[in-house]
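S.K.: Here is how the chains run, residue by residue.
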Amino acid sequence: MTGTTSGSGGKFRTSLPHDDPRHLIAHHFLNEEAALLDAAAWHLWLELLTPDITYLMPVRVTTMADTDPSTLGTHARMDHFAEDLYSLRKRVERLSGGHAWTEDPPSRTRHLVTNVRTFTAETDPPVPEPTGVGAVVEVESALLLFRSRGDDRPPEFLSAGRRDLLRHTEHGWRLAHRSVTVDESVLRTQNLAILL
Amino acid sequence: MRPGPAEEISAAIADGMIPAHVYGDPEVFELERRNLFPRTWVFLGHTSEIPHPGDFVLRRIVDDSFIVTRDDTGRIGVHLNMCLHRGMQVCRAEMGNTRMFRCPYHAWSYRNDGSLAGLPFHDEAYGGEEGLSRDRHRLVAPARVETYNGLMFAAVEDPGISLEDFLGDFRFYLDLYTAQSESGLELRGPQRWRVNANWKIGCENFVGDMYHTPYTHRSVVDIGLFREPKAHKRKEGVLYHCGVGGGTTYKLPPGDFTERMRYVGYPDIMIDRMAALWSEPQRRMVGDDGFMVSAATLFPNLSLVHNWPIVREGEDVVPFISLRQWHPVSATETEVLSWFAVDAEAPDDFKADSYKAYLMCFGSSGMFEQDDIENWVSITTAAAGSMAHRLQLNSRMGLLHDGGQVGRPLDDFPGPGFARVGYGEFNQRNWLQMWSRHLFPPGAGDTTGRDTGGER
Ligand code: FES
Ligand SMILES: [Fe+2]
Numbered sequence: 001m002t003g004t005t006s007g008s009g010g011k012f013r014t015s016l017p018h019d020d021p022r023h024l025i026a027h028h029f030l031n032e033e034a035a036l037l038d039a040a041a042w043h044l045w046l047e048l049l050t051p052d053i054t055y056l057m058p059v060r061v062t063t064m065a066d067t068d069p070s071t072l073g074t075h076a077r078m079d080h081f082a083e084d085l086y087s088l089r090k091r092v093e094r095l096s097g098g099h100a101w102t103e104d105p106p107s108r109t110r111h112l113v114t115n116v117r118t119f120t121a122e123t124d125p126p127v128p129e130p131t132g133v134g135a136v137v138e139v140e141s142a143l144l145l146f147r148s149r150g151d152d153r154p155p156e157f158l159s160a161g162r163r164d165l166l167r168h169t170e171h172g173w174r175l176a177h178r179s180v181t182v183d184e185s186v187l188r189t190q191n192l193a194i195l196l
Numbered sequence: 001m002r003p004g005p006a007e008e009i010s011a012a013i014a015d016g017m018i019p020a021h022v023y024g025d026p027e028v029f030e031l032e033r034r035n036l037f038p039r040t041w042v043f044l045g046h047t048s049e050i051p052h053p054g055d056f057v058l059r060r061i062v063d064d065s066f067i068v069t070r071d072d073t074g075r076i077g078v079h080l081n082m083c084l085h086r087g088m089q090v091c092r093a094e095m096g097n098t099r100m101f102r103c104p105y106h107a108w109s110y111r112n113d114g115s116l117a118g119l120p121f122h123d124e125a126y127g128g129e130e131g132l133s134r135d136r137h138r139l140v141a142p143a144r145v146e147t148y149n150g151l152m153f154a155a156v157e158d159p160g161i162s163l164e165d166f167l168g169d170f171r172f173y174l175d176l177y178t179a180q181s182e183s184g185l186e187l188r189g190p191q192r193w194r195v196n197a198n199w200k201i202g203c204e205n206f207v208g209d210m211y212h213t214p215y216t217h218r219s220v221v222d223i224g225l226f227r228e229p230k231a232h233k234r235k236e237g238v239l240y241h242c243g244v245g246g247g248t249t250y251k252l253p254p255g256d257f258t259e260r261m262r263y264v265g266y267p268d269i270m271i272d273r274m275a276a277l278w279s280e281p282q283r284r285m286v287g288d289d290g291f292m293v294s295a296a297t298l299f300p301n302l303s304l305v306h307n308w309p310i311v312r313e314g315e316d317v318v319p320f321i322s323l324r325q326w327h328p329v330s331a332t333e334t335e336v337l338s339w340f341a342v343d344a345e346a347p348d349d350f351k352a353d354s355y356k357a358y359l360m361c362f363g364s365s366g367m368f369e370q371d372d373i374e375n376w377v378s379i380t381t382a383a384a385g386s387m388a389h390r391l392q393l394n395s396r397m398g399l400l401h402d403g404g405q406v407g408r409p410l411d412d413f414p415g416p417g418f419a420r421v422g423y424g425e426f427n428q429r430n431w432l433q434m435w436s437r438h439l440f441p442p443g444a445g446d447t448t449g450r451d452t453g454g455e456r
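Read top to bottom, the protein sequences are chains A and B. Start counting the first sequence at 1; every next residue gets the next number (this note's numbering). Start counting the second sequence at 1; every next residue gets the next number (this note's numbering).
It cannot be assumed that every hint is accurate.
[Unchecked claim] DEER-style ranges, computed between Cβ atoms:
1. A:H43 with B:E157: 18 to 28 Å
2. A:L112 with B:D349: 35 to 45 Å
3. A:L85 with B:F226: 14 to 24 Å
4. A:D104 with B:G404: 33 to 43 Å
5. A:D104 with B:R34: 34 to 44 Å
6. B:R86 with A:L112: 37 to 47 Å
[Said to hold, decoys possible] Partner residues are not named here, just some residues of chain A that face chain B (Cβ under 10 Å, in silico):
7. M64
8. D79
9. S87
10. R91
11. L95
12. D124
13. P154
14. R162
15. T189
16. Q190
17. N191
18. A193
Don't read these hints as lab results, they were simulated from the structure. If you're wondering where the values come from, they're calculated on a predicted model, not measured in any experiment. Glycine is no exception: its CB is placed at the ideal position from the N, C-alpha and C atoms.
Could you build the full structure based on these sequences and the hints that come with them?
M.R.: Below, the structure is given as structure tokens:
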């Protein structure tokens with residue numbers, strides 16, 4: 001049962017049931033990905049991306065409640081990340097090159113991924129089999145990123161929602177799009193020398 | 001009588017030494033909060049952030065919150081975000097568009113020019129105009145608000161000098177960033193994040209620290225973000241300092257003005273506009289001498305940066321500009337506000353690529369910025385320790401024991417102020433001397449912000 005329900009908050013989507021094969025695929029993908037990120041296996045992580053990946057993290061702003069809900073709390077014109085494969089690869093090369101001082105000593109991170117909700121995504125042309133090659137699955141998740149460095153600083157947290165598109169390519173399932181909705185307007189982290 | 005902290009700091013700095021505790025000492029922060037920030041011109045934002053009547057952004061000077069508005073007639077105004085009745089913050093959004101700010105406590109309402117529009121039960125509670133005359137009430141404003149090239153500044157107390165005079169000849173350099181066409185800049189952002197670093201360290205880094213580039217930023221050179229491995233070429237650039245600002249430059253390969261602007265990635269249509277708008281000495285600095293502006297700081301806490309990375313595999317470089325403010329939160333915490341800035345008349349595809357260049361290099365995720373701030377956090381942690389009161393940091397680069405200098409200022413540099421090729425901490429010392437003069441209470445030091453007797 002996937003569909004929409006209408007409540008006082010407007011349209012609210014219902015996700016696929018948790019025993020749907022697409023949900024199982026998506027959930028598995030996100031957990032494996034988090035394990036790679038926490039192990040700093042950046043190059044393996046890059047292999048999970050489609051060549052046309054778009055990776056966004058808009059800046060959130062504090063706006064009044066009567067602001068246009070479509071832009072609510074998001075700074076439409078500024079991002080923390082607006083990446084493609086080239087820039088993500090450069091970031092990974094930097095982090096693994098031995099001279100990225102801000103990650104030396106490295107952060108100890110834990111990507112806690114939860115609230116996973118999967119949705120069917122239309123494709124053009126439509127794929128006959130919902131999990132066959134060419135299929136796309138949309139998945140939302142909540143992320144709490146714990147980050148600790150050294151021994152004299154308090155740990156940092158980043159809380160965010162993520163909306164991803166996973167595409168079934170001939171090499172397997174790949175991340176084709178990610179948009180990260182961070183829950184703070186002013187980040188309380190020294191930098192984003194990490195991936196979410 | 002034992003000299004106070006301001007006297008001790010000034011004396012050390014005059015000798016090129018920095019008492020280490022100034023980067024982590026709450027007592028020094030209190031002097032800055034009381035004596036420096038209210039009494040000089042402080043950057044608040046850019047007019048392109050509030051382009052339409054009713055637009056506003058919320059900005060702070062240390063711990064005071066100000067509403068920066070464009071009123072219904074299009075005028076820029078700055079008002080303290082504090083209700084005249086019982087002190088509630090009348091604006092809780094950091095940006096938006098409104099004709100009226102209504103206080104949530106008892107509903108006094110203020111127009112977007114700060115004037116009091118109305119209050120509930122005016123007659124019954126106050127006896128109408130006889131008890132409280134509305135047109136004599138408006139939100140508190142800083143003593144002065146002025147703009148230059150769209151950059152909006154406020155001075156909480158009158159610094160006794162106009163913004164233009166304060167900027168003085170530093171405008172020569174500021175224009176290179178902020179006036180690339182008649183339309184000036186448009187800003188995107190800011191990204192905001194808080195770091196456990198003292199605000200002064202960023203100011204000093206951007207004003208003149210070319211010396212850190214080869215090592216701190218080694219990783220971005222390693223990954224081929226630039227056309228040439230240029231970190232070690234940093235010492236061929238010129239350091240310039242002029243009144244309230246100073247900065248660093250890169251030396252470009254041979255060529256004329258157009259060729260050198262192309263080298264850093266500007267399209268011809270933008271180059272033509274700059275050639276038409278800039279003065280002959282401004283063009284000469286780039287075209288004849290080959291010095292391209294890089295990082296800069298305007299006293300007290302606004303920095304600028306200009307760089308040109310590769311944004312797509314196998315393609316040429318694209319330049320970007322960022323404005324950034326090191327907003328002081330405490331002695332050991334700074335909120336960084338980092339804007340992407342681009343010439344408003346630039347072609348759309350240039351704007352898109354330049355934005356990408358910015359995100360890769362600076363801001364919350366920027367690959368340069370990450371390693372810079374790592375250093376600054378570490379310094380601040382050490383400076384907050386008690387031993388920091390016994391240590392004076394060596395900021396004497398370029399000075400000899402006998403009072404002589406390593407190298408000397410260029411005498412044929414096209415820009416105002418003084419300039420010299422190569423590494424040196426002349427600019428940092430000038431910035432620090434200006435800063436230390438502002439630690440004194442009114443009347444006890446030179447507080448006009450003018451660089452009256454800086455080092456050359
Ligand atoms: S405090 Fe603002 S109306 Fe009373
Ligand atoms: Fe730097």
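S.K.: Against each hint, give a clear statement of whether it holds in the structure.
M.R.: Verification of the supplied hints:
| no. | hint | verdict |
| --- | --- | --- |
| 1 | A:H43 with B:E157: 18 to 28 Å | violated, 56 Å |
| 2 | A:L112 with B:D349: 35 to 45 Å | holds, 40 Å |
| 3 | A:L85 with B:F226: 14 to 24 Å | holds, 20 Å |
| 4 | A:D104 with B:G404: 33 to 43 Å | holds, 39 Å |
| 5 | A:D104 with B:R34: 34 to 44 Å | holds, 39 Å |
| 6 | B:R86 with A:L112: 37 to 47 Å | holds, 43 Å |
| 7 | M64 | holds, 5 Å |
| 8 | D79 | holds, 7 Å |
| 9 | S87 | holds, 5 Å |
| 10 | R91 | holds, 7 Å |
| 11 | L95 | holds, 8 Å |
| 12 | D124 | violated, 25 Å |
| 13 | P154 | holds, 9 Å |
| 14 | R162 | violated, 16 Å |
| 15 | T189 | holds, 7 Å |
| 16 | Q190 | holds, 5 Å |
| 17 | N191 | holds, 4 Å |
| 18 | A193 | holds, 5 Å |
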